[in-house]
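J.: Chain by chain, the residues run as shown.
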Amino acid sequence: MAEDTEIQLELEKQGVFVSTINRFYNWGRRSSVWPLAFGLACCAIEMMATGLSRYDLARFGAEMFRASPRQADLMIVAGTVTKKMAPQVVRLYNQMPEPRYVISMGACATSGGPFRDGYNVLRGIDLFLPVDVYIPGCPPRPEALLHAIMTLQAQIDDQKLNRVRWYGKTEAKDFPVPTFGKQGLELEGRLIDPVGGLPLISPYNSPLAGELRSGRIEHPELARHFPIMDDTVELEGPNKAVGVAPEIAIDDLKRKPEVARA
Amino acid sequence: MPSMSTAELKERLIRDLPGVLVITPVKAEHANNGGTQPKGDPPPKPKRGEEGPVDLLATKDAIVLAERIPDVARYVRDTLGYTLLTDLTAVDYLADGVIELIYRFVHLEGGPTLAIKTRVPRDRAVVPSITPFWPGADLQEREAFDMYGVDFPGHPNLVRVYMWDAFEGFPMRKDFPKQGDKYIAEEEE
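So the protein sequences, as listed, match chains A and B.
Read the first sequence against my numbering and you will find it ends at 262, with the numbers running on by one and no gaps.
Read the second sequence against my numbering and you will find it ends at 189, with the numbers running on by one and no gaps.
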C-alpha cells in the first residue's frame, strides 16, 4: 500500500492523477468539513479565533461555519454543556445529515470539567453523542483545535466506503433526546444524570467503534473521595494530606511500580 | 454627588418609617465604644484556624422587616432618589436557619450605594415582591426564587429562570446535595 502511494504521488508530480474511489471520496469529505456555527462557552472564543485569519481554519477546508445543522458536517461542542442545553445539542446533532462528526472541545464538554460536581452541568457530551475527537484543555488553544481537525481528517482518510454506514442501506439513527426530570436529565422516563451523583448511563463509543454505549458506568454507588474534607485522613499540613489517596495512586503512572512492588 | 452612610440611612429610616428597622444585637464592645478607640491593649490576634465561633449574622447594615420591604424600597426610590436596583441577592445561613436578602440601590448621579437587608426564616422564606412598582426587580426576584426558594407574593410571574420548571429543590441552598448520592440512596431503599 505504501508503495502504491509512492507511485501515485510520483505520477501526480508528472501530471497524471490516479486514485481509488476510497481515496477520492475521502479526499472530498476531509477537505470540506463544514462545522456547525454554535458555541456554548469560552471555548467558542477560541473556536472563533481558529476560524479567523491568524490561525486560518480555511487551510483545512473547514472555514465554512454553517448556521443550519442541515448544511453542517461537523459539530464542535465548544464549551460547557449545561443540563438545560443538552437536549438542544442532541437535537441539533440529530438534524445534521450523515456523514457527521463530533469534536468535544475542552474539559467541560468532555467531562464536565471544573463544574463536574455542580448541579447544572452535563458530565460529558459523550453521554448523549458519539464523539470522534476529544480535545483537552481549558480552553484549548486554537492550535489544539487545528490538531483535532487534522486528527479527524486522518480518521476520515482511513474510512472504507464499503464499511461506513451512510453509503449502505441502514438508516441513520436518531440519538435519544433527554428530557427534564425532577432530579436531573431523564432518558425515556429514567433518571440518568442525577443532581449530586454520577451519571447512571455509560458514554457512547466513538463512531469507529460503532457508536454504541460503552457499558462502562462510573461507579454510581461510590461517592468520590476528597481526603482534605475527611476527618479520618491524617494531615501533613493545614491543606495537605499525608501520602496519596488510594484511588489517585492507582491511576498515577509514576507511582505504579511502587504500588506493584507493595 | 449624593452620599449616605449606613448610620445616616438608619437614622432616616427610624425617623421616616418608624418600626421598620430591626435592631440587631451588636457585640458589646461595638455598642459601648460609640466610635472611640478601645482602651488598653487589644487582645492578641488568634492564630489562623483557632478563631472562636464567628457570629455570621452580626452586621452594621440596615436590616428591615421583611413585610415592610415594599415601603422601604418606595422610600429609597422616591424620597432618597436611589432609582436603580442593581442587585437583589440572597445568602443562606444554614446554621442560623436564616436566609438574608440584600437589596443594593444606586443613585444615578453617583456616589456610594445603599445596601438594605432583610432576614427571613429558611423554612418560611417569604418577602413581598417589589416588582409591581419596580419592574427592574423582576428577574432578580425570579433568580432568588429559583436558587434559594424565596417566595415573593405579589410577583406577576414567579417561575424558575435558570433551572427547568420540573426541577425540584433550590440549588444554592447550603443543604442542597453536592456530590453525595442522595437520590441514588433513595432508589436503593
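Everything labelled a hint here was simulated from the structure, so no lab data went into it.
Among these hints, one or two may not hold up.
As the list claims (entries may be wrong) - Label pairs and their in silico Cβ distance ranges:
1. G169/B to T20/A: 55 to 61 Å
2. K174/B to P176/A: 34 to 40 Å
3. D175/B to D56/A: 38 to 44 Å
4. R141/A to D16/B: 44 to 50 Å
5. E168/B to P176/A: 18 to 24 Å
6. E8/B to K84/A: 40 to 46 Å
Said to hold, decoys possible - Under the rule of at most 30 Å between Cα atoms (straight-line distance), these lysine-lysine pairs were calculated in the DSBU-like manner:
7. K84/A to K182/A
8. K117/B to K10/B
9. K182/A to K60/B
10. K174/B to K117/B
11. K84/A to K174/B
12. K173/A to K84/A
All of these numbers come straight from a predicted model, not from anything done at the bench.
C-beta: ideal position from N, C-alpha, C; glycine also.
J.: At the C-beta level, are D175/B and D56/A separated by a distance inside 38 to 44 Å?
T.: For D175/B and D56/A the Cβ distance comes to about 51 Å; the hint is violated.
J.: Compare the distance between the alpha carbons of K117/B and K10/B with 30 Å, and conclude whether the hinted pair is satisfied.
T.: Given pair K117/B, K10/B holds - Cα atoms ~12 Å apart, limit 30 Å.
J.: Can the suggested window of 34 to 40 Å be confirmed for the beta-carbon pair K174/B and P176/A?
T.: holds, 35 Å
J.: Regarding the pair K173/A and K84/A, is the alpha-carbon distance no greater than 30 Å?
T.: holds, 23 Å
J.: Taking 55 to 61 Å as the hint, is the beta-carbon distance of G169/B and T20/A inside that range?
T.: holds, 58 Å
J.: If you draw a straight line from the CA of K84/A to the CA of K174/B, is it 30 Å or shorter?
T.: Measuring from Cα to Cα gives roughly 22 Å; hence the hint holds.
J.: Is the hinted pair K174/B and K117/B satisfied, with a Cα-Cα distance of at most 30 Å?
T.: Satisfied, since the Cα-Cα distance of roughly 19 Å is no more than 30 Å.
J.: Would the pair K182/A and K60/B pass a check requiring their Cα atoms to be no farther apart than 30 Å?
T.: violated, 40 Å
J.: Should the hint that E8/B and K84/A are 40 to 46 Å apart at their CB atoms be regarded as holding?
T.: holds, 44 Å
J.: Is 18 to 24 Å a correct range for the gap between the Cβ atoms of E168/B and P176/A?
T.: Cβ of E168/B to Cβ of P176/A: about 23 Å, so the range 18 to 24 Å holds.
J.: Against the 30 Å threshold, does the CA-CA distance of K84/A and K182/A hold or violate the hint?
T.: Holds, at roughly 13 Å.
J.: Lying within 44 to 50 Å: is that true of the beta-carbon distance R141/A to D16/B?
T.: Violated - the Cβ-Cβ distance for R141/A and D16/B, about 59 Å, lies outside 44 to 50 Å.
In the structure shown, a violation is registered for the earlier hints numbered 3, 4, 9, in ascending order.
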